[in-house]
Amino acid sequence: MGGIRPGRVVATALTAAAATLLAGCGGGRAAGDENTIVVATFGDFGYDALQADFAEAFPDLTLETRVSEFDAHHQQLQTQLAGGRGAADIVAIEEGWIPQYRESHELFVELGALGASDIKDRWAEWKWEQGVADGGEFVLGLGTDAGPLAMCYRTDLFEAAGLPTDRDEVSALWPTWEDFAAVADEFSAATPDVAFADSAENVYGSMINQAPEGYFAAADDSFIADENPVISEAFALAGGLAEAGQTAQVKPFTQEWNVGLAQGGFATMACPAWMLAQIESAAGEQNAGVWDIASVPGGGGNWGGSILTIPAQGDDTETAYRVAEWLTAPEQQKTLFLEKGILPSQPEVYRDPEVLGDVNEYFNDAPVGEIFAASADSLAPNYRGTRDFSVRSRFQEALGRVEEGVQSADEALADALEQAERDLG
Amino acid sequence: MMVASTSPPETPKASSPAGGEPGPKRESWRDRLARWDLKGTPYLLILPFFAVFLGFGLFPLLYTGWVSLHDWHVVLGDQGFVGLANFARLLGDPNFWNALFNTLSIFLISTVPQLLAALGLAALLDRRLRGRTFWRAGVLLPNVVSVVAVALVFAQLFGRDYGVVNHVLGWVGIDPINWRSGTWASHLAISVMVMWRWTGYNALIYLAAMQSVPRELYEQAEIDGASRWRTFWAITVPSIRPTIIFTVLVSTIYGLQLFAEPQLFDPKGTAGVGGNSREFQTVTMYLYEEGVRLGDAGYGSAIAWALFLIVLVFAVFNYRLSRRIASKD
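From first to last, the protein sequence lines are chains A and B.
Residues in the first sequence are numbered consecutively from 3, following our numbering.
Residues in the second sequence are numbered consecutively from 33, following our numbering.
Calculated from the structure, these hints are not laboratory results.
Even for Gly, the Cβ is constructed at its ideal location relative to N, Cα and C.
Misleading hints may appear alongside valid ones.
[Claimed, not checked] Distance ranges between label pairs, derived from CB positions:
(1) B/185 - A/224: 43 to 51 Å
(2) A/161 - B/185: 51 to 59 Å
(3) A/136 - B/140: 48 to 56 Å
(4) A/255 - B/111: 47 to 55 Å
[Unchecked claim] Stretches of chain B that chain A covers, calculated by requiring three or more beta carbons in the stretch to come under 8 Å of a beta carbon on chain A:
(5) 107–114
(6) 183–197
(7) 264–277
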């Protein structure tokens, strides 16, 4: 009666059950330690530099940072919000992503009632406005850094093209974007083999960021890209550079951008404060002192910067708030700038003499504190519609088509408008 | 563990404890357990697969179907039942048709030459070679490399300004090609990636099948004076017909779901758009763009279901086609 033992049946059943269980539990996340506050960020927010101070301020808490890549970070948050679990205690959201979370703000903790309303004056007004929903009733998050724009340029390429290299003289070359385009022509005439700007998208984006309204009306969030002269003018100017072959067609942070930076493939690039570290690491030691920083054409604009939010699904949202408040407090913001070059969005901090006096060695000892503070001060609030995120990429793709020579600037703009309207459907 | 314990239930087939036994002796619990083991254990053994399939295959499929009938935002959730509106929108969506065209185009450009090359490669490996194992293991190597690494390396090879491919083309006087702009250039570049990764893999599957073709057939053919080429088409290919059908089916399913290679090939980042004119946006990328990036889960689910149906249709079509091609006898 062939070796069937009851033991085997049990073992088999157990194996089957275990396999099923294992398969079912794959996605589970171990519950976090209750004395740990997890901050999820993309890129380096510099919080490691604050660890010692943190230990002093919160002796019984541990600060843990979870860093993901930009897109992945924001998409993870989407999934975690949709699933109702898994989000960090404090989550940084970049300014471009904030508008769409205004719709789903009930998934976050309202910070006004926890004390955020009392410290509103810390931030520049435009920054505070970025982090609120419901017409200011609902405080979604606390501002961290800001990205007031400047224009980085390569002194060696400027010299080769017979242009001035001193940063004040360079700033004086381009009070407006039209002047910038004129300098591009002059540059290309002298050195036709080198692109003047990194990409049409960046020039265009900087121009849009300087305007009070872009694709959507601040008053009622309606789509106005088709009638807003800011859009057509910026597109024509950036598209003109693209048509003339004066852009290197590289998107920031891509491999080609890295190579372009390291090999001097382009002479200028709009750069917010946080970009400097990226340029330095991509261009490498061999380019130290080659880059310098001038003011951006058309006055100050902002690119990037985040707010710290607290998803409502967290276990201890009040402690999370205390930590978020501490992280964005003036003393910590100042430390972050001096240690990591991350520019605060709080006027009191960026006007601090120590901040103003800061210079960046890599960028030819440029007085970055002074440059970016001035840019932040001249910055006008820029309204981003709820659907801004989905529409913006249509215009970036369109400029890409102009750079590739597939379409003229006019055709590309018409196409982008049509696609954007269809997306909004 | 599983494999080891599958055999016992088959061996005691002859035992049949109850029925034919002489006398009305009551079954002991031991016998009953044994009988249950005989009948039940096979089901238990295959149960994990079906449990996992229910959880991770069938349920998502049905749930996706349910979501596709709603206006559903990833974060905001269900915004109401809309019936087949998402599917109606799909039919009139030029971006979807563009993505479908790209998918089929890349699928054809990569799969047809790939399987033919794999067949040829297998035929070569099937012959007496010095260092056979080395060559056989070698062809599988590309498949072992992570798809992300492959895509990143190829994305650089096909770079416009600093890419090796353009550099080499420059030697023979061909102007730099922008591999990410233009439908055919981008499809070709992505197909090269897919071919590089999968040719060796399919070759090994073919090789395994070829090894079981009776050698006498070849000897006979040799005696009859058939050429190598003719032997290959008249004996080898028909003999491994089921394997060819299998690889065609698997390649169809994989090819129509192509995602990682084109996604990582896009220098503009992981937006899922596939080039500034959507030159190489595949259906899966479009699904990703709408469903994940723009958060329109309802529409994304409709795309997913459409893709499922398309894969099904193509799988059946290719099955019939490959059966016809492979049965020349």
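Q. Is 43 to 51 Å a correct range for the gap between the Cβ atoms of residue 185 of chain B and residue 224 of chain A?
A. For residue 224 of chain A against residue 185 of chain B, whose Cβ atoms are near 46 Å apart, the range 43 to 51 Å holds.
Q | Annotated coverage of the stretch 183–197 of chain B by chain A, confirmed only when three residues or more have a Cβ within 8 Å | A | n = 7 at 8 Å, threshold three: holds.
Q.
Range first: 51 to 59 Å. Now tell me if the beta carbons of residue 161 of chain A and residue 185 of chain B are that far apart.
A. Hint violated: Cβ distance 37 Å, outside 51 to 59 Å.
Q) Taking a Cβ-Cβ distance under 8 Å as contact, does the stretch 107–114 of chain B have three or more residues in contact with chain A? A) Holds: 3 residues of the stretch 107–114 of chain B have a Cβ under 8 Å from chain A.
Q: Given the hint of 48 to 56 Å, check if residue 136 of chain A and residue 140 of chain B actually sit that far apart at their C-beta atoms.
A: Check passed, 52 Å falls within 48 to 56 Å.
Q. Could one say that the CB atoms of residue 255 of chain A and residue 111 of chain B fall in the range 47 to 55 Å?
A. The hinted range 47 to 55 Å is violated for residue 255 of chain A and residue 111 of chain B, with Cβ atoms some 34 Å apart.
Q.
Taking beta carbons only, do three or more residues of the stretch 264–277 of chain B come closer than 8 Å to chain A?
A. Three-residue rule not met by the stretch 264–277 of chain B, so violated; n is 0.
Hint violations for this structure: numbers 2, 4 and 7, all remaining hints satisfied.
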